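2 protein chains.
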Amino acid sequence: MELIFLGTGAGVPSKERNVSAIALSLLQEQNSIWLFDCGEATQHQILHTSLKPRKINKIFITHMHGDHIYGLPGFLSSRSFQGGDTPLTIYGPKGLKQYVETSLALSETHLAYAISFVEVTDQMVIEAGQFQVFVQLLEHGIPCFGYRVVEKDKPGELLVNKLKDRGIEPGPIYQEIKENDHVTIPHIGTIYRKDVLGEPNRGKIISLIGDTRFSKDHIRLAQNADILIHEATFGKDKQNLAHRYFHSTTLEAAQLASESNCKHLILTHISSRYQQEANEQLLQEAREIFPNTELANDFSRFTIT
Amino acid sequence: MELIFLGTGAGVPSKERNVSAIALSLLQEQNSIWLFDCGEATQHQILHTSLKPRKINKIFITHMHGDHIYGLPGFLSSRSFQGGDTPLTIYGPKGLKQYVETSLALSETHLAYAISFVEVTDQMVIEAGQFQVFVQLLEHGIPCFGYRVVEKDKPGELLVNKLKDRGIEPGPIYQEIKENDHVTIPHIGTIYRKDVLGEPNRGKIISLIGDTRFSKDHIRLAQNADILIHEATFGKDKQNLAHRYFHSTTLEAAQLASESNCKHLILTHISSRYQQEANEQLLQEAREIFPNTELANDFSRFTIT
Ligand SMILES: [Zn+2]
Ligand SMILES: [Zn+2]
Numbered sequence: 000m001e002l003i004f005l006g007t008g009a010g011v012p013s014k015e016r017n018v019s020a021i022a023l024s025l026l027q028e029q030n031s032i033w034l035f036d037c038g039e040a041t042q043h044q045i046l047h048t049s050l051k052p053r054k055i056n057k058i059f060i061t062h063m064h065g066d067h068i069y070g071l072p073g074f075l076s077s078r079s080f081q082g083g084d085t086p087l088t089i090y091g092p093k094g095l096k097q098y099v100e101t102s103l104a105l106s107e108t109h110l111a112y113a114i115s116f117v118e119v120t121d122q123m124v125i126e127a128g129q130f131q132v133f134v135q136l137l138e139h140g141i142p143c144f145g146y147r148v149v150e151k152d153k154p155g156e157l158l159v160n161k162l163k164d165r166g167i168e169p170g171p172i173y174q175e176i177k178e179n180d181h182v183t184i185p186h187i188g189t190i191y192r193k194d195v196l197g198e199p200n201r202g203k204i205i206s207l208i209g210d211t212r213f214s215k216d217h218i219r220l221a222q223n224a225d226i227l228i229h230e231a232t233f234g235k236d237k238q239n240l241a242h243r244y245f246h247s248t249t250l251e252a253a254q255l256a257s258e259s260n261c262k263h264l265i266l267t268h269i270s271s272r273y274q275q276e277a278n279e280q281l282l283q284e285a286r287e288i289f290p291n292t293e294l295a296n297d298f299s300r301f302t303i304t
Numbered sequence: 000m001e002l003i004f005l006g007t008g009a010g011v012p013s014k015e016r017n018v019s020a021i022a023l024s025l026l027q028e029q030n031s032i033w034l035f036d037c038g039e040a041t042q043h044q045i046l047h048t049s050l051k052p053r054k055i056n057k058i059f060i061t062h063m064h065g066d067h068i069y070g071l072p073g074f075l076s077s078r079s080f081q082g083g084d085t086p087l088t089i090y091g092p093k094g095l096k097q098y099v100e101t102s103l104a105l106s107e108t109h110l111a112y113a114i115s116f117v118e119v120t121d122q123m124v125i126e127a128g129q130f131q132v133f134v135q136l137l138e139h140g141i142p143c144f145g146y147r148v149v150e151k152d153k154p155g156e157l158l159v160n161k162l163k164d165r166g167i168e169p170g171p172i173y174q175e176i177k178e179n180d181h182v183t184i185p186h187i188g189t190i191y192r193k194d195v196l197g198e199p200n201r202g203k204i205i206s207l208i209g210d211t212r213f214s215k216d217h218i219r220l221a222q223n224a225d226i227l228i229h230e231a232t233f234g235k236d237k238q239n240l241a242h243r244y245f246h247s248t249t250l251e252a253a254q255l256a257s258e259s260n261c262k263h264l265i266l267t268h269i270s271s272r273y274q275q276e277a278n279e280q281l282l283q284e285a286r287e288i289f290p291n292t293e294l295a296n297d298f299s300r301f302t303i304t
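Protein sequence lines correspond, in order, to chains A and B. Using numbering that gives the first Met the number 0, the first residue of the first sequence is number 0, and each one after it goes up by one. Using numbering that gives the first Met the number 0, the first residue of the second sequence is number 0, and each one after it goes up by one.
Honestly, the hints are just simulated from the structure, not real lab data. It should be emphasised that the depicted structure is a prediction, and the values quoted were computed from it without experimental measurement.
One copy or two, it doesn't matter: identical chains are merged, so the pair holds either way.
Restricting the straight-line Cα-Cα distance to at most 30 angstroms, the calculated cross-link-like pairs of lysine-lysine (DSSO-like) are:
| hint | residue 1 | residue 2 |
| --- | --- | --- |
| 1 | K51 | K14 |
| 2 | K177 | K193 |
| 3 | K51 | K237 |
| 4 | K177 | K153 |
| 5 | K54 | K14 |
| 6 | K235 | K14 |
| 7 | K14 | K237 |
| 8 | K235 | K215 |
Excised from the complex, chain A in its bound form (with noise of 0.2 angstroms):
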């Protein structure tokens, strides 16, 4: 799994970050690659990763405001253009269905693939392979929605011990083993699985928190994160900006990984008031309150491991 930050600015696009994207490759896991968010030029900035439209198969929107939405029919355009015809879920609020047909009807643009939408509400849970991903409602004006994307549990090895000690050499017999509840081998009995097996691998678990206002009740979002990707428009000055506003500061965003037991904080969406020098700042301000932070730039890539 790795997240490609798109775009990490927020409402209008800078010479130094395009609107929100974020991208998850699930390239190893399921061949296949999410999209968080899709502003404007998104496409373009695809453009300069080795990702391929293609290979996008779930896109989630987090909100209806431009700055997360205009990327959308162009993106869709070109990935049937460049050759796309595999099928496409766009998860998001109410109206983003109508949004995308209006904008591909009339412009007359034909896909050569479905799409299929799911629109979102509070608390649904979204099951998609080995993942699941939970949906909650954020504070920000307008409908906004948190995803909180969990990996299922992988089973754990086989004790290679456990089964030479019962006379069971390696061989495909292994394999058998691990993919079955129990088998029978003759003169030796039934193994069951559950007996030979280590401890499962934990699944991993990424919160994407969007535009939102700060609030405890997102710690359910948050709760044991591996990467908690957290809304960061302001500085730790600007709290009542902020909330005005409907989003966050760093100092918050800090605090909500910290309350969560999260083990790595991203901070993104930074209002272009902040110029590039300003970074160091905006990301120490997070680091006193939580040190694992990190703060993406446009081509951000972090590998989960």
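Given the coordinates of chain A, assemble chain B with the ligands onto it according to the supplied hints.
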């Protein structure tokens, strides 16, 4: 008058060429800028120029294909966000108003200025201060319009010798003579402006022929233009392809410039199949027929004198 090409590619953005947009700067003539087409990320391209979005007061859209309109909602939002509060008029085909209004409404975007929409039709004439814009339907499968921008002739200079012959010495009276049909001067008599002005300065003509098949009907749009901007999606060996997809070749663009007695031809809307190395070849194909040809790249500027 100056032309600034913001996007010179066709269909999809590439690393070399963004999708369509051309700015016509009339800052000296009337302190405004006009925009022709607004593909996705036009506002991003503008960030790399000195153009001020709030100075753009007219947008002309040739047709509804996504590569010509998907940048509109983002441009309009950012124009407002960046302090633009003066009205803006958008000219374009049926459907454009619905596209823009749906995008803005669903994204809850509230602009600080008013937008007027003018639905263009074949042979419409748009009056715009010292300019007239003639509209003509092209051949592109869906309704696509070419625009011919004609600057009105400017009155000639005062013929100082003629005035001196009549005994009128330079002074504020010269301005008065220039601004009135006739002026009566004691002891000298009545001076009619038409008798003391030189030849009028012919206004400039810029013709913009967007996505279309070649047709001699377009001579009406291009006739005697100082600058003809013509799409050239394909090289001369792809005439069948151009015809099938309702586009033109380098050679066809040059042929129209030649038959229309234009002064300059600028090729744009170049297919992403052509890399930078092909530019010289495409240009030479047109120059064989019409030597005074240029090929636009993103951020190419042309001053019209
Ligand atoms: Zn935002
Ligand atoms: Zn086009």
